[in-house]
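Novice: These protein sequence lines are chains Y and W, in that order. No gaps in the numbering here: position 613 of the first sequence is 1832 in this note's numbering, and each next residue is one more. No gaps in the numbering here: position 64 of the second sequence is 63 in this note's numbering, and each next residue is one more.
Note that these hints are calculated values from the structure, not bench results. Only true hints are included.
Part of the chain W face toward chain Y, derived, beta carbon under 8 Å: (1) D6; (2) S42; (3) P43; (4) I46; (5) E47; (6) G49; (7) Y58; (8) Y62.
Label pairs and their computed distance ranges (CB to CB): (9) D63(W) x E1803(Y): 14 to 24 Å; (10) R168(W) x D1710(Y): 27 to 37 Å; (11) R241(W) x A1286(Y): 22 to 32 Å; (12) A65(W) x V1622(Y): 25 to 35 Å; (13) E1681(Y) x N31(W): 21 to 31 Å; (14) R1791(Y) x N31(W): 47 to 57 Å; (15) A181(W) x L1512(Y): 56 to 66 Å.
This structure is a prediction, so every number in the text was calculated from the model and none was measured. Beta carbons are placed, not taken as given, at the ideal position from N, Cα and C, and that holds for glycine.
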Amino acid sequence: MTRIGVFTTDSHLVIQVWDAALVQLTGITEETASGKVVTALLPDLEERGLLKCLQRSLNDGVVEVLAPAFHHYLIPCAPATPAKHFDKMQQRVTIAPLRDDDSIAGLIVTVEDVTERLERERELATPMLEALSDDDWRVRREAVQEASRRAAPEAIAALLNSVVENHHNPALLNSALQVLAAASEVDTLSPLVELLHGPNPDLRMQAALALGEQRDVRAVEALVKALQDDDTNVRYHAIEALGKLKAVEAVDALVEIAESRDFFLSFVALDALAKIGDPRIVSRIVPLLDDDLLRDPAINLLGQLGDESAVAPLTALLNTPIAPTDTIADALATLSDRYEQQFGEAGYIADLTSHEISPTGVQNLLDALETPGKENLRSIALVLGWLKSPSVDRALTRLMGRVDLRNEIIEALVRHGSSTIDLLISQLIAEDLEVRRSAVVALGRIGDSSAVPAVVNTLNDESLAVDAANALAQIGDPSAVDGLLNLIGSDDASIRQAAVSALNSVIPPSMSGRIIPLLHDSDPNVRESAVKIAGYFGYPEAASALVELSRDPNERVKCAAIEHLPYVEDERAFDVLMHAIKDETPSVRAAVARALGVMDTPEVVQPLIEGLSDDDVWVRYFSARALGRRRSSDAVEALGRVIENEKFNHVRIAALDSLGQIGGDRIAGIVSGLVKHDDPDVAHAAQLALGKSNISRAKAQRRKEDL
Amino acid sequence: MVSRSHDLALPEGTTTLIRNLINERTGMFFDNGKSDLLIDKLSPLVIERGFTSYLDYYYLLKYDTAANTEWQDVMNALSVQETYFWREIDQIKALVQTLVPQWHARNPHSTLRIWSAACATGEEPLTIAMALNEAGWFEKVPIEIFASDASSKALARAEAGVYRDRAFRNLPAHLRDRYFDAEGSCSRVKNELHSRVKWKLANLIDEGQIAPLANADFIFCRNVFIYFSESAIGRVVRSFSRFMRPPGYLFVGAAESLLRLTTDFNLTEIDDAFVYAKRERAQ
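Let's have the full structure, built from the sequences with the hints guiding it.
Specialist: This is the structure in structure tokens:
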């Protein structure tokens, strides 16, 4: 007979439950064990290496199984009946965390006496034993599965007995079932449903609780029946379990419970309905907004599940003097976020709210915004942003320093458009950098030229220069050119880059006369920026200067000139690049590789293939990328060699990307071996390349068929 | 003419790749709402390296064997250095008025060790040193205060010990007068106080770096976990627990809670402050 005893501990490993089966198995009485630290009762645990198993389960929440073949026993005691091969009882031990909500409150340990079985196995040297030690893992797996199948019914019976004995311990049932699930593939549904229909209300309650935890939808029918249980606690846990199981079948019954306005049950029913997420219930939830106790969960539910028809009742409640403003704002924000995500229509919820809201509603939101110490203002700021009024704009402007609200506030002020420009300009001199930053970003987004002089003034503020340049780029007014040109010599690379990008947006192409002389400036920063602008516009009159600058003593200027040479379309470009590719500086050779990638001539392919063997990893990387841009089938073999031999995975990825771009019949054979590569980035690149090559093959096939 | 944009390219999916890599290496986590901020903060580094795509920069961070110094720049770009003296002082008062006396009663001949695990520009460890000095503890007990941060830039400022006015917005005036000297528009911490603190560069996610520092009686790790993912917080807190001296107290910021993430510590209220006490295991 298989016998299982159970004990539990708290988080300090102090024994809490020591059940009757364990008393019988070990001879240690409950009085002796209970209240004692495990290591006091079993002093050699650490020495035998078993304490760490208990601690691991306690700390990491893992289930530990101590196999008798290896550990022999946890609790030293004599076998129940004399054994030929063992002087101590052989035990199979499972240690599992005892959970209390999300934390680990202790351990549940099951101790199974397997002495008889081991004795029998040794005696008979059964085929099972042979199979368990078979060299072939498939044979061993079969044997293990067979062994656990045979042990399971007895194990579950013993465990459930233990549960019945200790049903005052609410976490025990769940943990006991967890142990069974870990130890074998036992179906725990039937015994739990039996418990749910049993005579003991405590056990019925725990069964409902456990059925919710088990996430097995076959329990729904029994749980719906349990909604009629005489005991309120059983009904409570059945409701909760149905929520966890997302039981759409239970929706009507749960709405009825919610409508009963029994606070104890209605509250949890609303929570379960939120989890189930069936939007058909919304119209039946609206009347609960009148109930002081159920109002907040009803509001949340409308936000979570409602559609546009929920806006009017929510806003009507917001318009009352004692509205729960934060909760309603959260619900409206949730609704709007969902509409944006599903339909790209947040604006619809905004318009409906704006149409329904009264001055009292607006004031409630403004008051909520001013409540001191409040951390999460996102929903209130968002809803306020839907309402256009000077007092709202002023209130939002006061929050512009809040980084967490920046998006909502900027969106709102941008939506309110030119009427907010003066307010925003006044914030450009605020003490708080975040306020100044939000103001400049909003002015850029609004895009009104009247803000240009004020924004240009902020270009001198180093911490704001990048945002200001970006804003000027968005406004796109040429009057910003002088201010931006003052920044192209900045020592800060991001400020220079922002100024160059902005100039590319605002400068008229005809203004080459302002840029060309800057190519000869004594400041290398200015020369580099001027190269980028000249290259962007492709000024033909800049070609000679760019050729000259490709030999500039400053490395950054040299690289910029090399990279932008192809854009001015000068016939000297290729020769210049071929000269530069011999440069001893890797960054210059990498710039050449990037430049070759955008040149529209087949001559670039061979030097790029040679670049794949460069000593510098980044030259190889950019050469591989450039070959993809060229889509040259002549490069397939060389890229295949990169995939096979390259030391660095990013070069391999670049080669894979390029092979995908090139396409053709040969690609699949080269890349398919990498789709299960250890590095997920390589595997992903291989899958993409394979996909692209399939598409290009299909297209080629279609073209053939069309012909 | 070939047309092109000067803006940095951000191929689809790259933000997630960068975000996850940064989470893995630093613990910092930028959720979807903050990923724009992450990309913004990295842009100067991408430009400085001469790249035109964030994807190239991601590969640099992930694969280039020479990327160690680049990671330091990333930490400098991402770390939040806005803090001030006498911030969340209730916890430091609880340390000085209750926990240190208790500790001293139990360990009359030992050296007290305190670690400020994310000291940014140094205001927190210097506040601790000030509070201990005001209570006369340096005369009674040998005390070591270690302070570390993952940002070399922040640490360099901490080691320089020069602060602008905003750092003093909470510090009582008489303490500013006692521990700082005016230096132009700034103030410099006096050497007697500054030398009480030993400064170290350490990434909290790197157990090898933090093990020697976490061998402390009290750890302050405040206003850091708000930037970390749950898994990174769990990892760091488990390391603290592993290396802390028993009984061990951990101070986190007022807006941070470890209750969902660890069973290694008990939350206790000492005076008016919440402190996590390392759970003493049954032996």
